[in-house]
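Novice: For reference, the chains in residue letters:
Number of protein chains: 2
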Amino acid sequence: MSAQHPPQAQAAPSPSTSPLGLVERLFQGDVRALARLLSLVEDRGPGYERVLDAVFPHAQRADAYRLGITGPPGAGKSTLVDRLVRRFRREGLRVGILACDPTSPFTGGAVLGDRVRMQSLRDDEGVFIRSLATRGSLGGLAAVAHEAALLVEAAGYDVVVFETIGVGQVEVDVVEAADTVVVVLTPQSGDAVQALKAGLMEIADVFVVNKADQGGADRAVQALQLALRPLQDQDEEGKKAWRPPILKLSATRDEGVEALKAAIEAHRAFINAEGLKAQKRRARVEALLRRVVEEGLRQALWGDRGALKARWEEALQQVLQGARGPFAAAEALLRELLKARLEVP
Amino acid sequence: MSAQHPPQAQAAPSPSTSPLGLVERLFQGDVRALARLLSLVEDRGPGYERVLDAVFPHAQRADAYRLGITGPPGAGKSTLVDRLVRRFRREGLRVGILACDPTSPFTGGAVLGDRVRMQSLRDDEGVFIRSLATRGSLGGLAAVAHEAALLVEAAGYDVVVFETIGVGQVEVDVVEAADTVVVVLTPQSGDAVQALKAGLMEIADVFVVNKADQGGADRAVQALQLALRPLQDQDEEGKKAWRPPILKLSATRDEGVEALKAAIEAHRAFINAEGLKAQKRRARVEALLRRVVEEGLRQALWGDRGALKARWEEALQQVLQGARGPFAAAEALLRELLKARLEVP
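If you read the protein sequences in the order shown, they are chains A and B.
First residue of the first sequence? That's 1 in the working numbering, and the numbers climb one at a time after it.
First residue of the second sequence? That's 1001 in the working numbering, and the numbers climb one at a time after it.
Bound-form chain A, shown alone (with noise of 0.2 Å):
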């Protein structure tokens, strides 16, 4: 973009291209320096923590809402987004939808098809779509997803959905973060059940059993009711707890849909009397501020005038000649930074 400009210009940036100035627009709707700012917080490009900083009081508003949707791949998620989303613009709600592509080499194609399945609410103004990347750094998805949902927030979207691609630990930590989490199943993913049990139990609050014209969609809603028996009604403290109910639908039937959205009006209701969804709110930005905080520690560690880069290679020869363990080594470095007091004083 700065080859539209000859270079004095960037010198005094003029002040609606500015990170700062793009947050005025993006406070006014702007859906352009909205995209501009999103690319800003993915590339962490200059000046992207004031830009968070600056939006963060603006967004996470008590009426906004995350929702999460993952499930394997071939479940019909986009499908589903469209048809759920239509159903929120009906009511008047803005929707930014984060399409979260855990960059897996293998996936190129399969994602680009999903997408276009989605292309009929690209001409909603009322709609905005999005595509998040991970590019290599591992964990960073989850973290790059949440801030740009405070950038779709603040650009005064009602509702933010994140699809998934897959069903990995990238997209779980995903979707672990929204207030509401639907998992999309198909009849004919049995072994589903089956892998319940592993992960996907604890962060569900509404199962969907897609493409239910296909037939065996009661077997499998039946296995999911079997796996979810154990689940009590009461949490440990002796809070009523929330049974994520089984939706049979065809997303490409557009059936069901209007049940899909009365249950996770519910259990929106449900979090907001339980006090759940300050409690959220709080478990993001305190996910939030911890990362910061270690990203900066890392700096002020290994960063180039760091403080353990001094001693850094001393200890790596020590490890690599068999002097020492790894593990003994590192705690010698680390007994020397907190003998510097590494202590609030």
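Careful, some of the hints might be misleading.
[Stated by the list, open to error] Heads up, simulated DSS-like pairs for lysine-lysine below, C-alpha to C-alpha not over 30 Å straight-line:
| no. | chain 1 | residue 1 | chain 2 | residue 2 |
| --- | --- | --- | --- | --- |
| 1 | B | 1277 | B | 1309 |
| 2 | A | 309 | B | 1248 |
| 3 | A | 280 | B | 1280 |
| 4 | B | 1280 | B | 1240 |
| 5 | A | 280 | A | 248 |
| 6 | A | 248 | A | 261 |
| 7 | B | 1277 | A | 309 |
| 8 | A | 280 | A | 261 |
| 9 | A | 277 | A | 261 |
| 10 | B | 1309 | A | 309 |
| 11 | A | 277 | B | 1277 |
| 12 | A | 240 | A | 277 |
| 13 | B | 1277 | B | 1261 |
| 14 | B | 1309 | B | 1261 |
| 15 | A | 280 | A | 240 |
Read the hints as simulated data drawn from the structure, not as lab findings.
With the hints as your guide, set chain B onto chain A.
Specialist: Leaving out everything else, chain B in the frame of chain A:
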């Protein structure tokens, strides 16, 4: 296992079942000790750090070799490993296979099937097979895999083979740290070529087009050659660069496996000659040391008596109430920590 002992036996474990007792048995090639120590490391059980320190000087011998084998599900990796390992065995080399499965809730079924194919190797005392799983700790599998390799090497195995299930980022992290990386594709995985541009190009030392008996293999090879053409024959420093060979084979028919073994040996000779083996080893040790220091630091900051814990809630409340942005709050926390002289004295 503790169930076999009366409770009082736990207070003074016999030397041979204490962690360091198990290490002694490990050095004598005791497979049961190896299995138990692998569990200890995988679970981060008590004393695992001392175990790895004790094992470290006996692992990563100059003649030990680490091989990474990755590729999309269904490419026939397990069969290929089976055939390849038989070749190593004929030369009297002892082989440890670490099957690395980043736990995805939806792969439960396939994994077991793959493993069964290697069943025949299980009767061979010169082969050790073990599955490693992440159990939810993102990014942890690569660390655990290479710690496990230390144990396997210390038990006297000459070659460690990392075999991955899929090709996500976690798998890339696992094999990337190996001495030689073999990427297994099939003629059907035409999209793989497109995908190679995205990530696997950089880490592959040898390409295999498996299932060559099914036709289409020549086209796949040509497409790979085209994709690899931009690779330079020299790196930026003018050193001779390695050009990944592309091999057709059929693992099920046991055809072409000799050529693969030769290619692996050629790469081994190359990295030894160019000093790359020492470089790879150094990178692995550095990654381990860094992880341990960061983990220790995290404890020192956020642990029960951590330096940050006292100020944490205050900073969090500031952010939650909108008094400060998350980055500004983190910066203030860091400034306090660093003011307290986070420097080597």
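Novice: Each hint: holds or not?
Specialist: Hints and how they fare:
Only pairs whose Cα atoms come within 30 Å are accepted, and residue 1277 (chain B) paired with residue 1309 (chain B) is rejected, the gap being roughly 43 Å. A C-alpha spacing of about 46 Å is found between residue 309 (chain A) and residue 1248 (chain B), which places the hinted pair above 30 Å, so the restraint is violated. Pair hint residue 280 (chain A) plus residue 1280 (chain B) does not hold up; C-alpha atoms about 42 Å apart against a cutoff of 30 Å. Among the hinted pairs, residue 1280 (chain B) with residue 1240 (chain B) is consistent with the structure: their alpha-carbon atoms are about 17 Å apart, no more than 30 Å.
About 28 Å separates the Cα atoms of residue 280 (chain A) and residue 248 (chain A), which keeps this hinted pair within 30 Å; it holds. For the suggested pair residue 248 (chain A) and residue 261 (chain A), the alpha carbons sit about 13 Å apart, so the restraint of at most 30 Å is met. Taking the CA atoms of residue 1277 (chain B) and residue 309 (chain A), the gap is near 24 Å; set against the 30 Å cutoff, the hint holds. About 21 Å separates the Cα atoms of residue 280 (chain A) and residue 261 (chain A), which keeps this hinted pair within 30 Å; it holds.
Distance hint between residue 277 (chain A) and residue 261 (chain A) is fulfilled; the C-alpha atoms sit about 18 Å from each other, no more than 30 Å. Simply put, residue 1309 (chain B) and residue 309 (chain A) have alpha-carbon atoms about 26 Å apart, close enough for the 30 Å limit, and the pair holds. Proximity of residue 277 (chain A) to residue 1277 (chain B) is assessed by CA-CA distance (about 52 Å); at most 30 Å being required, the pair is judged violated. Pair hint residue 240 (chain A) plus residue 277 (chain A) holds up; C-alpha atoms about 15 Å apart against a cutoff of 30 Å.
Between residue 1277 (chain B) and residue 1261 (chain B) the alpha-carbon distance is near 18 Å, which keeps this suggested pair within the 30 Å criterion. Of the pairs offered as hints, the one joining residue 1309 (chain B) and residue 1261 (chain B) is violated, with about 54 Å between alpha carbons and a cut-off of 30 Å exceeded. As the CA atoms of residue 280 (chain A) and residue 240 (chain A) are separated by approximately 17 Å, the hinted pair is consistent with the 30 Å bound.
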